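Trainee: Keeping their order, the protein sequence lines are chains F and C.
Going by my numbering, the first sequence opens with residue -13, and the numbers climb by one from there.
Going by my numbering, the second sequence opens with residue -13, and the numbers climb by one from there.
Don't read these hints as lab results, they were simulated from the structure.
Treat the hints with care, as some may be off.
Identical copies look the same in the list; a pair holds intra-copy or inter-copy alike.
The list that follows gives simulated cross-link-like pairs (lysine to aspartate or glutamate, DMTMM-like), each with its CA atoms no further than 20 Å apart [said to hold, decoys possible]:
1) K41 - E287
2) K207 - E21
3) K207 - E18
Only a predicted model underlies this, so the values are computations on that prediction, with no experimental measurement involved.
Spelled out, the chains give:
Number of protein chains: 2
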Amino acid sequence: MNGKDSPFLSRLDTTAKDIDELLDRLLSAGPEPGETSRPQRLIEAMRYSSLGGGKRFRPFLVVECAALFHVPRQHGLMAGAALECVHCYSLVHDDLPAMDNDALRRGQPTTHKAFDEATAILAGDSLLTFAFDVLSRRETHPDPAVRIELVSALARAAGIGGMAGGQMLDLAAEGRFAGNRPLRLDENEVRMLQAMKTGALLRFACEAGGMLGAATPLQRKALERYGSAVGQAFQIADDLLDLEGDPALVGKSTGKDAVAGKATMVGVLGRPGAKERLRQLVAEAEQALAPFGRDAAILVEGARFVADRHA
Amino acid sequence: MNGKDSPFLSRLDTTAKDIDELLDRLLSAGPEPGETSRPQRLIEAMRYSSLGGGKRFRPFLVVECAALFHVPRQHGLMAGAALECVHCYSLVHDDLPAMDNDALRRGQPTTHKAFDEATAILAGDSLLTFAFDVLSRRETHPDPAVRIELVSALARAAGIGGMAGGQMLDLAAEGRFAGNRPLRLDENEVRMLQAMKTGALLRFACEAGGMLGAATPLQRKALERYGSAVGQAFQIADDLLDLEGDPALVGKSTGKDAVAGKATMVGVLGRPGAKERLRQLVAEAEQALAPFGRDAAILVEGARFVADRHA
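So here's chain F without its partners, still in its complex pose:
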């Protein structure tokens, strides 16, 4: 299957190109009002960490969820670009020697390998900060109340009670702190860890579409359910890929999570159990979108894609 055969893959691809172009523009402009200058090495490290790689699945979710409400595409792209900055910052920091100590990401040297640790820390910090700059711009939405709602939701999805907190729990589960051994998490604990570490940003992606589109509370609830199911499916598929995937396709070393004894649903449920859960989650994602009818077909495809992906 390639982009020509599948409307889903072709739209995923179009959004990825649009996001790359937008990030490229945002990161080659400047200094903006309020900025003094943009040091070249730091911009290069930010560009290296955020351009030319990745399926841009999170921005795709923002754009397509917003499209349910006929939101101008540029608004979805701006919010999606901000979200992608947060996602990329998290990869840069997670890869650091003090964290997961990874040398490869998408088949390329990680940022601290391509540059150095100090630059990688600052590039991550700057991408995170830049996300809020992007969200605060009029180009994201004309109504400041909508923009501030996006800021609040992204901060909570990314921060202590979301992604960063999830990474903390993950490190603790690996027994990384003095006097700790690797923890055996039960199903609920693993679910919470992953709802934070990877789920929160994916949920935000879907909710952001509803915020941009002034969705009703019922519609917001539907998007939240969809986002939550897709988030869980995404993580299980990722864990299965880690066990079964081809390193050349995945673009990083595989089997590493199992070796590190990482807390995964595959570990808790076993491989067949995890695959069954994946099917349930796709069904749940589809069901959540029922109120939107045919308009949501591409998002249903998105949920299936997440469950079936091979890289």
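Please arrange chain C on chain F, whose structure you already have, making use of the hints.
Mentor: Only chain C this time, still in chain F's reference frame:
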């Protein structure tokens, strides 16, 4: 001179207490809507990095600049608390082994020494993210347009074109990257580096007061001039302290910047020249505030305090 003799010191102290209380409350609440849970170790590291230390001079500037426009004190405190989160995150990350590799801060072990590197990276990330959560709350200002203006200005002051960019320039000036030697920066280069690294947040503090208070463009210009002069004075005083200060009072090792060959105005202008510049900057800060008359007396005192401080 102590708090009882000086209205300035007494108000600085009151604001510091209020900010400590507010940060304590914000960081002991939760999970807030949109958060899943707040991992204990991460909250502890964030609290360790942000509570019980520091003069809270940046929040003081926010609160007192806002007071010029009779802004309710709580709004200034909220914006000040957000700014302090950004300041504290920057200290945590700057202290990391890959950056300045400092073991002491305010006489206490730095966050990565008290916890570990991974936790310190995540605590910094989470404090930065939390700042935008705090700014986005209604408690900061009832008008979303004001809140989003604060978000935009803080992102630009803290990010690639501000503080983070300044730290990058500082590392480059020290010759920290492959093939580089320490650079000899001229006066303009040092001024730009410092306008970014420390000046941007101090300028933001003053501008934020104007944003909260719906200041006129002329009043904003005055606050910007004041903030810029105070920012420069702050850095020169810091560099002089590093050369002349008592380590027991300063709470960190002194003489280190000179050893590291850091780019400072003292290095460029010499000690007498730097002291003369300090006097000029205090005069400039005072002059900028002239349009506010007696209402600005406490801010004039603030500029003098910055120039004269011994710790």
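Trainee: Can you give the numbers of the hints that this structure goes against, from lowest to highest?
Mentor: No hint contradicted; all consistent.
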